[in-house]
Structure formats: C-alpha cells, structure tokens
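Protein chains: 10
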Amino acid sequence: MKPILPKDEAAALVDAARIRQGLTWAELADHLGAPLVWTTAALLGQHPLGTEQADRICERLGLDEAVAESLALQPHRGSSPEVMRDPTIYRFSEALSVYGPALKALIHEEFGDGIMSAINFTVDIERRPDPDGDRVVVTFDGKFLDYRW
Amino acid sequence: MKPILPKDEAAALVDAARIRQGLTWAELADHLGAPLVWTTAALLGQHPLGTEQADRICERLGLDEAVAESLALQPHRGSSPEVMRDPTIYRFSEALSVYGPALKALIHEEFGDGIMSAINFTVDIERRPDPDGDRVVVTFDGKFLDYRW
Amino acid sequence: MKPILPKDEAAALVDAARIRQGLTWAELADHLGAPLVWTTAALLGQHPLGTEQADRICERLGLDEAVAESLALQPHRGSSPEVMRDPTIYRFSEALSVYGPALKALIHEEFGDGIMSAINFTVDIERRPDPDGDRVVVTFDGKFLDYRW
Amino acid sequence: MKPILPKDEAAALVDAARIRQGLTWAELADHLGAPLVWTTAALLGQHPLGTEQADRICERLGLDEAVAESLALQPHRGSSPEVMRDPTIYRFSEALSVYGPALKALIHEEFGDGIMSAINFTVDIERRPDPDGDRVVVTFDGKFLDYRW
Amino acid sequence: MKPILPKDEAAALVDAARIRQGLTWAELADHLGAPLVWTTAALLGQHPLGTEQADRICERLGLDEAVAESLALQPHRGSSPEVMRDPTIYRFSEALSVYGPALKALIHEEFGDGIMSAINFTVDIERRPDPDGDRVVVTFDGKFLDYRW
Amino acid sequence: MKPILPKDEAAALVDAARIRQGLTWAELADHLGAPLVWTTAALLGQHPLGTEQADRICERLGLDEAVAESLALQPHRGSSPEVMRDPTIYRFSEALSVYGPALKALIHEEFGDGIMSAINFTVDIERRPDPDGDRVVVTFDGKFLDYRW
Amino acid sequence: MKPILPKDEAAALVDAARIRQGLTWAELADHLGAPLVWTTAALLGQHPLGTEQADRICERLGLDEAVAESLALQPHRGSSPEVMRDPTIYRFSEALSVYGPALKALIHEEFGDGIMSAINFTVDIERRPDPDGDRVVVTFDGKFLDYRW
Amino acid sequence: MKPILPKDEAAALVDAARIRQGLTWAELADHLGAPLVWTTAALLGQHPLGTEQADRICERLGLDEAVAESLALQPHRGSSPEVMRDPTIYRFSEALSVYGPALKALIHEEFGDGIMSAINFTVDIERRPDPDGDRVVVTFDGKFLDYRW
Amino acid sequence: MKPILPKDEAAALVDAARIRQGLTWAELADHLGAPLVWTTAALLGQHPLGTEQADRICERLGLDEAVAESLALQPHRGSSPEVMRDPTIYRFSEALSVYGPALKALIHEEFGDGIMSAINFTVDIERRPDPDGDRVVVTFDGKFLDYRW
Amino acid sequence: MKPILPKDEAAALVDAARIRQGLTWAELADHLGAPLVWTTAALLGQHPLGTEQADRICERLGLDEAVAESLALQPHRGSSPEVMRDPTIYRFSEALSVYGPALKALIHEEFGDGIMSAINFTVDIERRPDPDGDRVVVTFDGKFLDYRW
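Chains as they are written, first to last, in this note's numbering: chain A, 1 to 149; chain B, 1 to 149; chain C, 1 to 149; chain D, 1 to 149; chain E, 1 to 149; chain F, 1 to 149; chain G, 1 to 149; chain H, 1 to 149; chain I, 1 to 149; chain J, 1 to 149.
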C-alpha cells in the first residue's frame with residue numbers, strides 16, 4: 001500500500017513532461033477546455049482536477065496513473081514565504097502592500113462593509129501591446145461579500 | 001522648528017475631514033483630476049502629491065498648511081503585517097498565495113524571463129453588476145520588464 | 001481639526017463606562033436590539049456600528065460625540081498575536097490547530113471544494129448546564145462557498 | 001528493529017486507502033462507532049486510537065500492522081503554520097481574530113474568570129440547508145474551567 | 001470620561017509604592033491573606049483582584065481609586081517574548097525546552113492522554129537551605145484533565 | 001565509516017522497543033537506578049547516558065550497539081517551537097507566561113539578584129490524589145546563583 | 001536635566017529644515033565638504049558628525065544646539081525591517097538575494113577566504129545617462145579582509 | 001518519467017566538477033562569453049541559461065544532459081535567510097541597513113520618485129589594488145524607473 | 001504617586017550628563033570603585049546599583065533622586081533584536097554563530113557536560129597594542145557548572 | 001559525477017571517527033599544528049582546511065578522500081537559531097544580550113567609532129582553576145576597525 005503521490009511531486013512531473021514535449025500551459029488549458037490561469041494553478045497543485053480532467057492531462061503528457069490520482073486530490077492551498085519572495089511574484093505582493101489600504105477603502109466606499117471573495121473568484125492574465133513596452137494585465141474578479149450577520 | 005507632520009497623521013486628518021464633510025474618495029479624485037486608486041493611495045500616504053495637488057486637497061477639506069506639506073513629502077511605502085491581515089486586504093494576499101506561481105509561469109511563458117513592473121504600474125477597481133451578486137474587479141497593469149544584463 | 005478617535009480608544013472608553021455603570025454586554029446588545037456576539041465585537045472595534053446605533057450606545061453610556069463617530073468608523077479588523085495568546089482566547093486557537101485539518105476534510109467531504117465563509121457568518125455563545133460543570137458552547141455558522149471559476 | 005511509523009505517514013496511508021476504496025470519513029466513523037470529527041482528527045494523527053479501534057480500521061482498509069501500531073501511538077498534537085494558512089482552515093482563524101476578544105469578554109461575563117476547556121471538549125460539524133446557500137455549522141463545546149487557586 | 005488605567009501602569013504604581021514603603025510582596029500577600037505567588041502575579045496584572053482586595057491593597061499603599069479600579073479589571077494574560085528572555089525567567093523556559101517532552105511522556109504514562117491544567121492550578125515557590133548553596137524550589141500543581149469527548 | 005546515529009533516531013528506536021515490550025519509562029528508570037525524569041529526558045535525547053548505562057538500556061530493550069553509541073553522545077539540547085506547542089507541553093509554557101514575572105520578583109525578594117540554575121537542577125513529577133480529580137505535581141528544584149562579579 | 005535628543009528626531013528636524021529651505025542633500029554635503037552618501041547617512045542618524053560639522057549644519061539650517069548635540073552622538077546603526085521593505089530600498093535587498101551567493105563565490109575566487117569590509121568602506125551613487133533611460137549606479141567599495149587567525 | 005533535476009542540485013554538480021577540474025568561475029564565464037557575475041549567478045541557479053549555453057557548460061565540465069536541462073529551467077530566485085547570514089554576504093546586507101535610507105533619499109533627489117531597477121540591472125565586481133590592502137569594488141547598475149501611472 | 005523612572009530613561013539621562021560633563025565610563029567606574037564593564041552595563045540598565053552607589057553616581061552627575069531610585073531598581077535584562085543588529089554588537093554575535101559549536105565541543109571536552117555560567121561571570125575589555133592595528137580583547141570568564149542532578 | 005559531500009556530513013563523519021578512536025579535539029589540533037578553537041571550528045565546517053591539512057586529518061582518522069575534499073571546501077558560515085538555543089551556547093548569547101551595549105560603549109570610548117573585527121580575529125578558551133569551582137575563560141581578540149570613508 002502506498003500513499004498518494006504528493007501534489008508537489010505530481011506538479012514537478014507535469015512540468016517536466018510539459019517542457020520535454022515542448023507544450024505550453026496554454027496548450028494544456030486548451031486540451032482541457034479550461035481557463036488558462038485555473039489550469040496552470042491546478043496543475044501546479046492549487047486546485048483539484050476532476051478525475052476525467054486528470055486522466056486527459058496524464059494521457060496527453062504520457063504520465064502514469066499515480067500522477068492522475070494526485071492531480072485529483074484535494075489540495076492544501078498556498079505558497080511558502082520563500083516562494084512568495086521570487087521577484088516575479090513579489091511585485092504583486094509589493095503592489096498590495098502599497099495599494100491594499102486604498103483598495104480596502106474603495107471597496108467599502110463602493111460596496112459597503114465587506115470583501116472581494118477569493119473563492120467565488122477568477123484571475124485572468126493577458127498581454128497588452130504598448131509602444132513603450134508591452135504590459136502584463138492581470139485581472140482579479142471576485143464576488144463582493146458583505147459582512148452579513 | 002518642528003518636524004514635518006508624519007504622513008500617517010496627515011492621512012488620519014484627511015480621512016477625518018473627508019468623512020465629516022461627507023465626501024467620497026471618488027469626489028476627491030475628481031477634485032484633483034487624478035485616477036481614483038492613485039488618489040486614494042496618495043492621500044493614505046503611499047505617494048507624494050505635487051505641491052499644487054496637496055494645496056488643492058487641503059483647501060477643499062479645510063486642512064492647514066502642515067497637512068499639505070506632509071502630503072507632498074516623499075513616502076516610505078508599504079503596509080505593516082498587521083494591516084495586511086485585515087480580511088478585506090487579506091483576500092488579495094490569499095489569492096496571490098494560491099495563484100502567484102501560476103501567474104509567474106504564465107508571465108514567463110508569454111513574455112520570457114522577467115517581471116510585471118510594480119512601478120510603471122496602475123491599478124484600477126470597478127464594480128461589475130452580476131445577477132448572482134455584483135463583483136469587485138481589480139486590474140493590475142504593469143509594464144513587462146525582462147531580465148536584461 | 002482632529003483625527004477621528006482610534007477605535008481601540010473608543011473601545012476602552014465604552015468598556016470603562018460599561019463597567020462603572022454596572023452594565024453587561026448583554027444589556028448593551030439588548031439596548032441595540034442586536035445579536036450579543038456581534039454587539040460585543042462591534043463595541044470592541046471589529047465592526048462598524050450604524051450612526052444611529054453608535055449614538056444610542058453613547059447616549060446610554062454617557063459618552064460624547066467623538067466616541068460615536070469612532071464607533072461608526074470602518075475598522076481594520078483582527079487581533080495582534082499578543083492578544084491571541086491570552087489563555088481564554090488561545091484555547092480556541094489550540095482547538096483549531098488540533099481539529100482544523102479534520103474540519104477541512106469534512107467540509108470537503110460534505111460540501112465539495114470550498115470554504116465556510118467568515119463574512120456571511122454568525123457566531124453565537126451560550127451556557128449549557130451540565131452536572132459535571134457547565135459548558136461553553138460556541139457555534140460558528142457560515143455560508144458554504146465553493147471554489148467557483 | 002524499526003521505529004514506529006510516524007503518524008503523518010500512517011495518516012497518508014489511511015487517506016490513500018480511504019480514497020481508493022471510495023470510503024467517506026463518515027463511513028469510517030460509523031465503522032468505529034465513534035464521533036465524526038473525533039474519528040477524522042484521530043485518523044489524521046491528532047488523537048491516539050485504542051488498539052482495538054486501530055486494528056478495526058486497518059482491517060477495514062486493508063492496511064498492515066505497522067499502521068495500526070502508529071494509529072495507537074500517543075500524538076504530538078497541533079498543525080504547522082503552513083497548514084493553518086490553507087484557505088478552508090484560515091477562515092476559522094480569521095473568525096477567531098475578529099471575534100476572539102468578544103468571546104473572551106462574554107465568557108467572563110457569563111461564567112467569571114476562566115476558559116472554555118480545549119481538552120474536555122467536543123467539536124461537531126453539520127450542514128444546515130438554507131435557501132441562500134447551505135451553511136457550515138461548527139460547534140465548539142467545552143467545559144468551563146475557572147481560574148481556581 | 002476616562003478609560004480605566006491600564007493594568008501595566010497600575011502594576012508600576014503598586015511596585016513603586018511597595019518599594020518606597022519598604023514592603024515585600026510577602027507582606028502584601030499577608031495583608032490580603034492570599035497565596036504569595038497568586039498575589040504577586042495579580043498585582044503585576046495577571047489576575048483580577050476582587051474589589052474588596054483591590055481597595056485593601058490601595059489603602060495599604062496609599063494609592064488612589066483609579067489603581068484599585070484597574071486591579072479589579074479582567075486581564076489579558078501573558079508576557080511578551082522580550083519579558084520571557086530575562087535570564088531569571090528564561091531558565092524556566094530552558095528547563096521546559098529540555099524536560100518538556102519527558103514531562104509529556106510521563107504525564108501520559110501515569111495519567112493517560114491529557115494535560116496538567118494551567119487554570120485549575122497553583123504555583124508555589126520556596127527556599128530550601130542546602131550546604132552547597134540554597135535552592136529555589138518551584139512547584140507547579142495542576143489538575144489532570146483527560147481528553148474526553 | 002558511518003556517522004553516529006542521530007539522537008532523535010535513537011530515541012525513536014528506544015520508544016518503539018519500549019512500547020512493543022510493554023515497558024514503562026518508570027521501569028527503564030528503575031532498571032538504570034536513575035531518577036525518573038532524568039532517565040526519560042536522557043532516553044529522549046536531552047542528556048548523555050554513561051556508556052555503561054547506554055549498554056544496559058540497549059541490552060534490556062534488545063537494541064544494537066549503534067543505539068548505545070548514540071545514547072552516550074553529548075546532545076544539542078532543546079525542543080523545536082513545534083514541539084513546544086503540543087497542548088500537554090504548552091500548558092507549562094502558558095503558566096510561565098502568566099507567572100514568570102511573579103516568580104522573578106519573588107526570587108529577587110527572597111534570594112537577591114540572581115537566578116534559579118537550570119543546570120544544577122532537578123525536576124520531579126508525581127501524582128497527587130485529590131477527590132476533585134488527581135493532580136499533576138511538577139517540582140523544579142535548582143540552586144540559586146547570584147549575579148556575582 | 002534632559003536626555004539628548006534621539007537621533008531619529010534630530011534627523012526629522014534636519015530633513016524638515018532642509019525641505020523648507022529648498023536645500024538638497026548635495027548642497028549640505030558641499031557645505032560640509034564631505035562625501036555625499038556619507039553626509040546623507042550621517043544626517044539621517046547612521047554616523048556621528050564631528051562637533052564642528054554638527055554645528056556648521058545646524059547653523060546653516062537654523063537648528064538649535066540640541067540638534068547639533070544629537071548629530072554628534074554615537075549612533076546605534078541599522079534600519080528596521082519595515083524601512084527595508086520600502087520599494088526603493090527593497091530592490092537593493094532583492095539584488096543581494098539574487099547575486100549574493102555569486103558575489104561570495106567571486107570574492108573567494110579572487111581574494112581567498114574573507115569578506116569585503118562594511119566598515120573600511122565607502123558608497124557612491126551617480127547618474128549615468130543612457131538613451132534607454134538614465135541609470136542609477138551605486139558603487140560599494142570596501143577593503144578586503146581575509147580570515148586571519 | 002523523472003522530474004527535472006532541481007537547480008540547487010545542478011549547481012552542486014557544476015561546482016563539484018568545476019573544483020575537481022581546477023576551473024575558475026572566470027574561466028567558465030569566458031567559455032560562455034558571458035559576464036562574470038551573471039555567469040556565476042546563473043550557474044548557481046539564479047538565472048536560466050540558454051539551451052546552447054547550458055550544453056556548452058556541461059560539455060566543458062563533463063556533466064550529463066540532466067544537468068543541462070536543469071540549468072535551462074526558469075528559476076525561483078532568491079536566497080534563504082540562512083544563506084544571507086554568511087559573513088561574506090551579510091556585510092552587503094549590513095551596508096544596506098546603514099546606507100539604504102541615504103541611497104533612497106539621493107535617488108529621489110537626483111531622479112525623482114522611483115527606484116533603481118533590479119531587473120534591467122547588472123552587477124560587476126573587481127579588485128582594486130590599494131597600498132592599505134586591496135579592495136572589493138562592487139557596482140550595482142540599474143535603470144531608473146519612475147513611479148508612472 | 002508616580003511610577004519609578006524606567007531604567008532606559010535613567011540610562012539616557014546618565015549618558016547625557018556624562019557626555020555634557022566630558023566624563024568617560026572609565027571615570028565613572030573609578031568613581032564607584034567598581035569594574036569597568038560592570039559599571040557601564042549597570043548604568044545602561046542591566047544591573048541594579050546599590051543604593052549608595054546610585055546616590056554617588058547621581059551626585060557626581062548632578063542628577064536628581066528619581067534617577068538614583070531607578071538605577072537601584074531590579075532590571076529586566078537583555079537587549080532587543082534591533083539593538084543586537086548594530087554592527088559593533090553584531091560582530092560578537094557573528095563570532096558566536098561561527099565559533100559557538102566549537103566552544104561547546106571544547107567545554108564538554110575539557111570540563112564534561114555543562115555550561116559556562118553567565119551569572120557567576122565577569123567580562124573584561126582591553127586594548128592590546130599591535131603594529132598591524134590595535135586589538136579589542138574581550139574576555140568572558142564564567143564558572144563552569146556541570147549538569148548535576 | 002557526484003556533488004561534494006556537504007560539510008555538515010563531513011563534520012559528522014569526523015566526529016564519529018574521533019569519538020570511536022578516543023581522540024580529543026586537542027589531539028587533532030596538535031596533529032595539525034593549528035590553534036585549538038580554529039581546528040575544532042574548521043572540522044565542524046566553519047573554516048576551509050588547506051588541502052594538505054584535510055588530507056592529514058583524514059589519514060589520521062581513517063576517513064576517505066570524499067571527506068577531505070569536503071573539509072577543504074569554502075563554507076557557508078553560521079549556525080541555525082536552533083543550534084544557538086543549546087544551553088551551553090546560549091549562555092554566550094545571553095551574556096552578549098546583557099553586556100553588548102556596554103561593550104559597544106567602551107569600544108567607542110577607547111578606540112573611537114568602529115568595531116572589533118570578527119574576521120581578523122581569534123578565539124581562545126582555557127580552564128582557570130578556582131577554589132570555588134574552575135572557570136571557563138574565553139577570549140575574543142579582534143583587530144579594531146574604524147569607520148573610515
């Protein structure tokens with residue numbers, strides 16, 4: 001009897017197969033017919049795939065059953081502080097540190113006392129061409145939830 | 001001789017005057033002709049206002065010269081860990097903890113090795129009506145910067 | 001021009017007046033016609049009171065306008081690590097540390113992938129008589145929110 | 001001579017067997033005739049099972065003697081900070097951070113100076129149907145212990 | 001309207017009066033007819049005094065009503081990490097770091113799965129003469145509480 | 001050439017053998033003719049055993065030479081923060097956080113400026129029958145050391 | 001008798017006077033005939049000024065004797081973690097986190113086992129025009145010190 | 001199917017081969033025709049090498065394909081706190097702690113509100129002969145980026 | 001009734017008076033007839049002065065009774081992490097981080113299992129002339145204490 | 001191709017061989033003709049040995065080539081916080097926490113603004129017989145380095 005392959009090890013195997021076969025995350029998302037950021041996050045271990053999705057990915061990447069079983073597992077979500085200090089990720093944290101209180105003030109002004117859900121929530125990323133250098137545009141889109149007793 | 005009023009004290013005076021006069025952050029932004037999130041962040045102490053902007057805000061809010069002087073001061077930017085744990089702000093941090101590695105992977109896939117700038121950068125927030133409950137839509141828009149030696 | 005009285009100072013004034021007048025939190029909640037835990041948390045600075053509520057409390061306790069203005073302010077929520085180490089509060093944290101992974105597993109088993117909302121959420125506390133010593137019964141009741149893309 | 005299988009490895013084997021055999025935590029609790037949250041927490045390594053209980057579970061799941069020996073071991077209890085940041089678990093911590101001081105105040109008001117025991121203590125979880133979305137209802141029920149010299 | 005004097009300020013006033021009048025903690029405990037460690041801890045802000053006790057102490061030390069009101073207040077208990085690093089206090093923490101796992105093993109061996117209560121609990125300190133140098137003898141005496149569902 | 005077996009691995013082997021042979025820590029202490037808490041702490045890796053003691057324990061438990069070599073090794077002492085959060089151990093830490101400043105004050109009052117040694121030091125634990133529930137009695141007994149230049 | 005004005009308060013007064021009189025740090029350095037980064041760091045409280053230097057600065061800025069006394073005081077050096085998270089300062093820390101191990105390897109390769117002194121050390125900053133955007137050029141120049149027994 | 005060799009393991013293999021063959025980092029940089037600090041940092045795992053570069057290095061060092069695959073992988077950048085405390089690296093951090101606020105003030109004075117990029121950025125290290133002991137000269141050269149909305 | 005002047009405020013007053021009167025720490029130690037490091041540490045708040053010593057120092061420095069009362073107070077000992085990061089102090093910590101395990105090994109080799117007391121302990125500092133630059137020589141001299149049950 | 005044996009594993013092999021052959025650190029230092037503390041620290045991984053020294057030690061201890069290669073490797077220096085909490089090491093840290101500010105003040109008084117080098121630095125330990133119990137005498141001897149621009 002063996003434990004289920006940990007999700008970080010499954011993610012490392014997915015990433016290795018993806019790179020060796022010259023596939024993009026976008027192609028994997030297309031293969032699943034699922035949103036791009038969702039697919040990438042799920043394959044990196046932050047969302048459970050449905051069993052059928054997990055099988056389809058493993059078939060496409062030539063990975064065995066043990067990986068599919070892991071991809072379907074319910075995750076413990078979140079990243080370590082060490083991961084969050086990577087410069088590409090840190091810039092988002094820095095922006096939150098600078099603009100977080102302003103976003104809070106404006107959410108309360110527009111919606112009242114509550115939060116933007118991080119669960120009923122989507123993220124999208126796109127490239128916006130710009131003569132001064134193309135831009136990364138990331139959209140956080142979450143349902144407003146009011147403090148409701 | 002007195003030191004310049006600290007920016008957090010200036011921000012508290014701006015907020016008090018704003019509330020007592022029934023003004024929204026949006027109205028203050030309109031008064032300055034400046035973007036909404038930028039204005040809110042600046043008045044909360046995260047950006048320096050131009051001298052003329054600082055005077056215009058203080059005049060509108062009936063605040064004295066010392067506040068304007070503080071608003072024009074170059075800030076030390078960022079928020080304390082305690083501020084970042086407020087639930088309305090924390091949801092953004094949690095989303096980054098879940099989606100940060102995926103955003104990093106997709107930035108590298110689309111743009112190559114580099115980052116989204118948090119300096120040549122704007123944030124926007126808007127309300128999107130939705131029959132299942134209106135949504136908070138926050139857009140991070142930063143210039144891509146590639147690691148360039 | 002003065003800043004708004006910080007909510008922790010307002011809370012200290014409310015508590016002092018409450019104690020000196022021999023009033024319980026339950027009597028203050030009744031006076032507001034609001035739930036007991038909500039009222040206590042709000043007066044301790046974790047929820048904004050409505051203006052009318054704030055005035056009613058201050059009138060009852062003989063506190064001036066500045067306290068009412070503070071009670072109506074939008075809070076930064078949360079408690080410092082030092083507060084969370086008080087033994088009476090720590091027992092709840094310890095229970096979460098012991099039972100948190102089990103609660104997570106059972107939420108996923110019963111509801112699927114998602115969370116109990118801490119926003120669309122109520123807490124209740126009651127005393128249950130027991131011959132072996134009365135018991136503290138605290139109920140957390142939050143809407144299930146599924147991860148929904 | 002080998003050391004006893006660590007409880008986290010036993011828990012991973014129990015979880016893998018449970019998933020592969022399509023069993024719920026509730027079915028395992030029924031099989032033991034023990035409370036649901038207790039059983040789940042115990043199988044995840046937070047309580048020792050009795051020898052007979054450990055054998056019955058391992059027989060049901062087809063796990064060998066080494067797992068049963070581990071399940072009966074006295075645990076070191078508690079979860080790492082990383083586990084506590086998972087969103088499903090974090091919502092409970094956030095609720096405590098917001099309502100903890102109020103719960104403390106109300107325990108003292110109703111019972112006097114003391115705590116809710118986290119040892120003479122049960123937790124229950126149930127689903128409450130609600131037209132606005134079903135709710136997670138978690139009840140903490142602990143004996144009051146007064147500071148008694 | 002003023003807030004109640006914080007308990008650390010009351011403790012500083014008690015200690016100053018005690019020193020200036022040449023009184024020992026033991027004499028104050030005798031004056032109250034209460035145990036020595038309890039009295040000292042309570043006057044330092046870790047336990048609430050009864051109203052009558054608080055008045056008696058303030059009368060003895062020539063402290064005004066505001067101090068008595070503070071001494072009777074329900075405390076937030078615990079000491080900061082900085083306080084715990086004082087060498088005289090640190091030796092106790094070091095001993096726990098060395099002997100804690102052994103004490104845990106022996107409590108489980110003798111009593112079963114449970115804890116020594118820190119609430120239904122007394123501490124005593126005494127001097128034991130010894131030709132090799134007198135000894136500090138501190139006794140922790142707490143009710144055993146078994147994990148009981 | 002192999003390194004010496006780490007003391008935590010030796011401790012795990014001792015504990016496994018002890019449990020499988022149905023031996024108590026008290027019986028092992030008797031077998032050594034050494035104090036109970038000392039023996040338990042030493043076997044858990046916090047004190048070096050004498051060579052003869054290490055051999056006698058390994059013979060009794062049927063453990064090989066490598067374990068004896070490890071038990072005789074000079075330890076790095078102390079427990080990780082994670083170990084100290086186990087509820088059975090944490091209660092001692094909490095008691096120190098509440099009573100530590102009082103114990104410091106009383107040591108200074110009785111002995112002058114100095115500390116209780118944690119080196120010239122013994123710990124004892126015993127069960128005291130009590131009609132309201134038996135009690136855990138732990139005695140810390142350390143030589144007073146005065147700050148002496 | 002008053003304590004010496006803390007160096008952070010003196011720095012705030014220097015900065016306020018400097019801004020109000022429209023002086024640059026460079027002009028103050030010229031006024032002292034001292035290096036630019038040294039002067040700025042010293043006026044911000046990280047180096048003691050000579051008495052004559054302190055007087056000359058205070059005279060220039062119209063600050064009184066108490067400020068000069070503080071500027072000449074030996075500092076406790078270093079910045080808080082909060083200051084180090086300001087984005088303009090953080091970029092230097094990030095660069096060290098990325099290039100620190102490489103710099104260490106190259107120092108050892110070129111000089112042997114040792115360090116770059118941070119005491120026998122100068123820093124310079126200059127603007128280098130560049131058609132793609134001017135550049136900040138910061139030079140760290142420290143004496144090599146070899147581990148020498 | 002195997003995961004890609006982690007970059008820290010690839011770095012350890014590169015370093016071992018380099019030392020055993022008596023090669024300097026400078027020789028490896030020459031071999032690649034790339035800057036010295038960049039090459040060292042890249043081989044230590046902080047930058048991805050191009051495929052052709054990775055192959056050329058592995059051929060030179062007699063390392064197999066798996067190392068080349070790892071060297072070309074996109075890194076998570078940054079060093080652990082433990083690495084940053086090594087004395088040779090720490091001196092740079094200490095210098096930033098002392099001079100960081102001055103560098104920030106001077107960047108703002110010379111360039112306006114913004115930062116030195118750590119992405120569009122080069123580092124150089126050289127040895128400067130000096131009769132009092134040769135000096136380590138490290139130059140940070142980054143594009144100025146202004147806060148631009 | 002006023003609390004006793006905190007020892008850090010007394011230390012600031014002593015230091016200010018000492019500087020303004022051009023006195024060295026060595027002269028103050030001579031004035032007391034006490035060891036140099038002890039006197040300096042005591043005046044900075046780490047040891048209580050005897051009443052007679054406190055009076056003699058305050059008389060010498062022209063400080064009032066309140067300072068003497070504070071100097072005689074029993075201290076909470078130790079320095080904050082921020083103080084310990086000052087470069088002059090940090091070098092000692094770094095040396096301990098490098099040589100601490102070696103000192104431990106050698107203490108055990110020479111003395112057996114135990115420690116160097118930090119209580120029955122003196123520190124001395126002297127300047128040793130050296131043609132390559134004078135040297136700071138600091139001697140830690142503590143009684144060996146063996147673990148003795 | 002294998003990486004170089006990590007220095008902590010080499011240190012564990014050296015220590016095992018040393019213990020099994022009944023050798024003291026002093027004998028190993030004599031064998032090298034190197035200072036005692038330096039040798040011990042180097043063999044524990046804090047200094048690189050010269051190739052010839054590494055070979056001589058491995059020959060003496062019967063360790064193979066891989067250990068010698070590791071001993072000659074340039075180290076990352078320093079100890080983890082967990083190591084620094086061992087009581088024998090902690091006493092030194094505690095002494096620094098108590099006497100660090102005094103040592104800083106006295107270094108500045110005697111030498112001016114600067115530090116004791118931890119690089120051009122030796123440590124010595126010796127046993128000083130004393131009728132009240134022998135003493136551990138540790139001498140830190142470092143070159144004074146003045147802040148020199």
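None of these hints come from the bench; they were simulated from the model.
For each residue, glycine too, the CB sits at the ideal point set by N, CA and C.
Among these hints, one or two may not hold up.
To be verified - In silico DSBU-like links for lysine-lysine, alpha-carbon gap of 30 Å or less:
#1 Lys2(G) with Lys2(B)
#2 Lys2(H) with Lys2(J)
#3 Lys2(B) with Lys2(C)
#4 Lys2(J) with Lys2(F)
#5 Lys2(G) with Lys2(I)
#6 Lys2(C) with Lys2(E)
#7 Lys2(D) with Lys2(F)
#8 Lys2(E) with Lys2(I)
#9 Lys2(H) with Lys2(A)
#10 Lys2(D) with Lys2(A)
Unchecked claim - Label pairs and their computed distance ranges (CB to CB):
#11 Arg148(D) with Gly112(F): 30 to 38 Å
#12 Asp132(J) with Glu82(C): 38 to 46 Å
#13 Pro6(C) with Pro3(B): 16 to 24 Å
#14 Glu59(E) with Asp113(I): 47 to 55 Å
#15 Met1(C) with Glu82(J): 50 to 58 Å
#16 Glu126(A) with Thr122(C): 45 to 53 Å
#17 Asp146(D) with Met1(I): 49 to 57 Å
Evaluation of the provided hints:
Of the pairs offered as hints, the one joining Lys2(G) and Lys2(B) holds, with about 18 Å between alpha carbons and a cut-off of 30 Å not exceeded. With a C-alpha separation of about 18 Å, the suggested pairing of Lys2(H) with Lys2(J) holds against the 30 Å cut-off. Taken as a hint, the Lys2(B) and Lys2(C) pair is honoured in the structure, with Cα atoms around 18 Å apart against an allowance of 30 Å. Distance check on the hinted pair: Lys2(J) and Lys2(F) sit about 18 Å apart at the alpha-carbon level, within 30 Å; holds.
Taking the CA atoms of Lys2(G) and Lys2(I), the gap is near 18 Å; set against the 30 Å cutoff, the hint holds. Taking the CA atoms of Lys2(C) and Lys2(E), the gap is near 18 Å; set against the 30 Å cutoff, the hint holds. Simply put, Lys2(D) and Lys2(F) have alpha-carbon atoms about 18 Å apart, close enough for the 30 Å limit, and the pair holds. Annotation: proposed proximity of Lys2(E) to Lys2(I) holds, straight-line Cα distance about 18 Å (limit 30 Å).
Note on Lys2(H) and Lys2(A): the hinted pairing holds, with a Cα-Cα distance of about 18 Å set against a maximum of 30 Å. About 18 Å separates the Cα atoms of Lys2(D) and Lys2(A), which keeps this hinted pair within 30 Å; it holds. The supplied range of 30 to 38 Å is met by Arg148(D) and Gly112(F), whose beta-carbon atoms lie about 33 Å from each other. Remark: the range hint 38 to 46 Å for Asp132(J) to Glu82(C) is upheld by a beta-carbon distance near 42 Å.
Between Pro6(C) and Pro3(B), the C-beta spacing of about 21 Å keeps the proposed range 16 to 24 Å intact. Taking 47 to 55 Å as the suggested C-beta distance range, the pair Glu59(E) and Asp113(I) conforms, at roughly 53 Å. A hinted range of 50 to 58 Å for the beta carbons of Met1(C) and Glu82(J) is consistent with their spacing of about 52 Å. The beta-carbon spacing between Glu126(A) and Thr122(C), approximately 40 Å, falls outside the hinted interval of 45 to 53 Å.
The given range of 49 to 57 Å is broken by Asp146(D) and Met1(I), whose C-beta atoms sit roughly 33 Å from each other.
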